[in-house]
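> Take a look at the letters that make up each chain.
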Amino acid sequence: MILKSGGVAAAMAVALLSLTAPAAFAQENEAASCGTDRTIDIAEMTWPSAAALAHIHATILGVGYGCDVAIVAGDTVPTSTSMLTRGTPAVAPELWTSSIEEQWNKGIEAGEVVDLGDAITDGTVEGWFIPRYVQEAHPELVTAEDVIARPDLFADPEEPGKGRLYSCPPGWACELSTSALYEAYGMQDKWILFSPGSGGALDASISRAFLREEPILFYYWGPTAILGKFDAVQLDLGPVDTEVYACNTDPACEPAGKTAYPSSPAIIGAAAWLATEAPAVAEYFSKVGLTNAQISELLVYGDENMADATATAENFLKTKQELWTSWVPDAVAEKVKASLS
Amino acid sequence: MFPEFIDTRPLRRAVDEGLNWVVRNWSDELEAAASPLLVLLKAIENLLVAMPWWLIIAILVGIAWLATRRWQLPVVVLASLLFLGVMDLWTDAMTTMALMIAATLTAIVVSIPVGVWMSRSLRVRQLVTPVLDLMQTLPSFVYLIPTVMIFGPGKIPALIATIVYAAPPLVRLSDLGLRTVDPSVMEASRAFGSDPTQRLFGVQIPLALPTILAGINQTTMMALAMVVIASMIGAGGLGYQVLQGIGRLEVSRGLFAGLGIVVLAIVFDRITQSFGKQLQARIGLAEGR
Amino acid sequence: MTDATHNSDSEYAIAMRGVTKIFGERPHAALALLHAGHAKAEVQAQTGNVVGLDDVSLDIARGQIFVVMGLSGSGKSTLIRHVNRLIEPTSGEIVVNGTDVLKMSRDELRRFRRTQVTMVFQKFGLLPHRSVLDNVAYGLEVRGLGRRQRLDGAAKWIETVGLAGYENSRPRQLSGGQQQRVGLARALAMDTDIILMDEAFSALDPLIRSGMQEQLIQLQQELNKTILFITHDFDEALKIGDRIAVLKDGAVQQVGRPEEIVLKPANDHVEEFVRDVNKARAIKVRSIMERGAGEGCAVAVPMEARCEDVLPLFAEHQWVGVADASGQQVGRITAKQVIRALARHTPGSVALPEAPPREPERAQERPIRSPAESGSITAEAG
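Chains as they are written, first to last, in numbering that gives the first Met the number 0: chain A, 0 to 340; chain B, 0 to 288; chain C, 0 to 381.
Derived by calculation from the structure, the hints in this document are not laboratory data. Since the structure is predicted, the reported quantities are computational estimates derived from the model, not experimental observations. Some clues are possibly wrong.
[Stated by the list, open to error] Quick look at which bits of chain A chain B covers, simulated, 3 or more residues with Cβ under 8 Å:
id, segment
1, 75-88
2, 142-151
3, 158-171
4, 190-198
The beta carbon of each residue, even a glycine, is placed where N, CA and C say it ideally should be.
Construct all of the structure, not just a fragment, from the sequences and the given hints.
Rendered as structure tokens:
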């Protein structure tokens, strides 16, 4: 009799255990699973750090979490607009929100998009630069006004008699902000605001000037390979005025005003559905921020080894394991490590 | 996976350093060599921008009438140009037109002699044809960025890129036209004791002219096709408006600028085609023999 | 036998010796085979090369219309193009007006083509982008004449061929016959001794062709050029030729005056042409008449008269006289003689009567040469 009841109790205990065990297993599997079957499109923007990050996250999510990932082309304005209105792409790994601040904040309030965390944790740099060798030859060139007074030093080869300020390709946030400053400083008479048309052309123009040790006045940002490779000094644009900056970057707002570029947050922006339907993924993204120095390392590798975004990402995953394994559960890390050949 | 035979990185590094070396040491000479092109382009552009809009419209409508001697084409040209003006695209259109005209003129000056040379010599044809294939299929950005590094961004690399892309059809069609002149006419010319130069200028070129004009038409169209790419290295014009439309997601801007490019294409395509047809009729190649 | 020395050659306008042309990759291998005696088809099968001309030797006297006749593939177009060296022979010699064409340099050849020999083409070869006047003047332009001079010269010839009024038309506005007259005027404007005519009338309608043939004969009486004429039309050859050479597969089958060919075809191939010809037109009465003044006849026909001219007269008369230019009777003819001549003729049976003296303005005729010797024609010194 006692045996029988004990047996029943044992059977029930086994039954209970077996019920909970799969649940426990399930929990651990959930931590290593995507959580959604929807395709997660990751925006690959046209500058090197954003592109590399896109591929790094695509590999980890795809191989480690088993998500269905796709890499899509993008840039600050088109990607953010698309995310705000259509919920796609799912995530932009390096989104600079300074010029889209208003729409972005509205989107967050309305629950269309979420800010999953900082992509670059210790702030970014944006401004106007001249080569150090130019400043050494003309030590008085310290502020933007000093340079604006000397268009003859930075002569435009196609418009002799005027200076040239290299601005950004259309679609980049900095195109709006730089054009606004050009107007605010009244540079229209003596300066040409030159858009190189593409990131590649801008980089090529800057490289050319430095290779030939010629003067050049250009907008640029960091962390980037260009600022890492070439010795350029940032001009003093005065204090930051966030309201003026917001108006500068709004095409509908007049008039333009003078301000330095605020240190733009570079965040990981995502469509809201990602956070709700794939919380594991969202949590992953909350941990993946890198410092300026770490990003620079990425970029320097890419430049010295002539690596494209895919190769840079692969190298990062191979060589910086202590760094990225802290972002993910062990099971995911193992899977990703195993896939690296 | 394909087995790895050599480490390509030193090779690629060597190419990059080679380019840097050229930029450092040869930029001035190369820029000087290209400066006549820049002068030509700027002259055309300044002329077009400075001329009053109604004068430009009048001239193009006049040319359209001369080309066809009917009223349809001049009306189309008029409407198209007015569209450009009304949509606030006039200056950009003039910049683009200047680029296209400069590229076409340079292409003509360079391509036709090469086509003549190719038609006379099989060896030359064998050497030049792969070069033409390369020029037409190599993606423009491959040689654009190095060109920007050598010449600086803006009009010169845009012009060079446009010429590289647009010249091959003219070379090929010149060669073809000259080689396929009616053999019985060529034989008659030889029988009367002509020398190769007399044959070239008296028989081949006049009879090949319709084909050569078709080549010019193609070159013009391909020059316009390069307009957006040219703007990606700083050429400005309608292409830049399209680029802005793409980059800033201003669909309307991109659309209207794109239509502007189409408008220019229609105008110049019809005009060059009509001249070709006129020439064919005069020569008598249109009617069957 | 006449020996082919340089001196005697210079009495001919064009003298060809052993001209052979082989088209293909390795002509000399094929040439060796040919010399060894193989036939054209064999050579082609063995070497893949095509024999265009096979050891052609011809003499063309000045001031005569020499017709080379043959079917397609007989080599006649190839042959005519050797005279102005539009095609280079594989072996052989071509002497024009005393100079070997094949030894000329490029410059000499061009001068030769501009001054000594000119050509009329089957497909006209006119420049479509120029007016008729400029087309006729083309040869003079190549020669280097000034504008006024060459246009005046051209205008004169346009009138001569009967195209006055069309000076400013374009070739495409003219009919085939008119276009060929432009081609003819262009050639005549060059005022060369020798004119090559490559199937010049073959692309024309029959009636137009007749008219052109007559015009050619008429022009020749005034101009006295040496004309080498190519055709595949035997009737045409008989009508305009002073001498005819028949080609087959690149080899000469027979050479002779029209009546000789008609009355005595040298082989089956020539016989086939002759079979279909209108002999009544082809044969001139003087070839078959009874010579000598003889009894006077009631009616007479001129020496140039053909059989068809004399036939109707036999209805009334038995004998018809043949008179020379001055009216003197030089021979007479009966219906029987005409019938015998017109009847189907087998090669190798009848000896050709003595050839009559030629008219004064024509050059002395040399003995007939024919490689297809059938032993029937006795050579007579002219």
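> Can you take a look at whether the segment 75-88 of chain A is actually covered by chain B? Rule is 3+ residues, C-beta closer than 8 Å.
holds (count 3)
> Residue count check for the segment 158-171 of chain A against chain B: does it reach three with CB-CB under 8 Å?
holds (count 4)
> For the segment 190-198 of chain A, do at least 3 residues have a Cβ located nearer than 8 Å to some Cβ of chain B?
holds (count 5)
> Under 8 Å between beta-carbons, do enough residues of the segment 142-151 of chain A, three at least, approach chain B for the coverage claim to hold?
violated (count 0)
When held up to the earlier numbered hints, the structure conflicts with hint 2 and nothing else.
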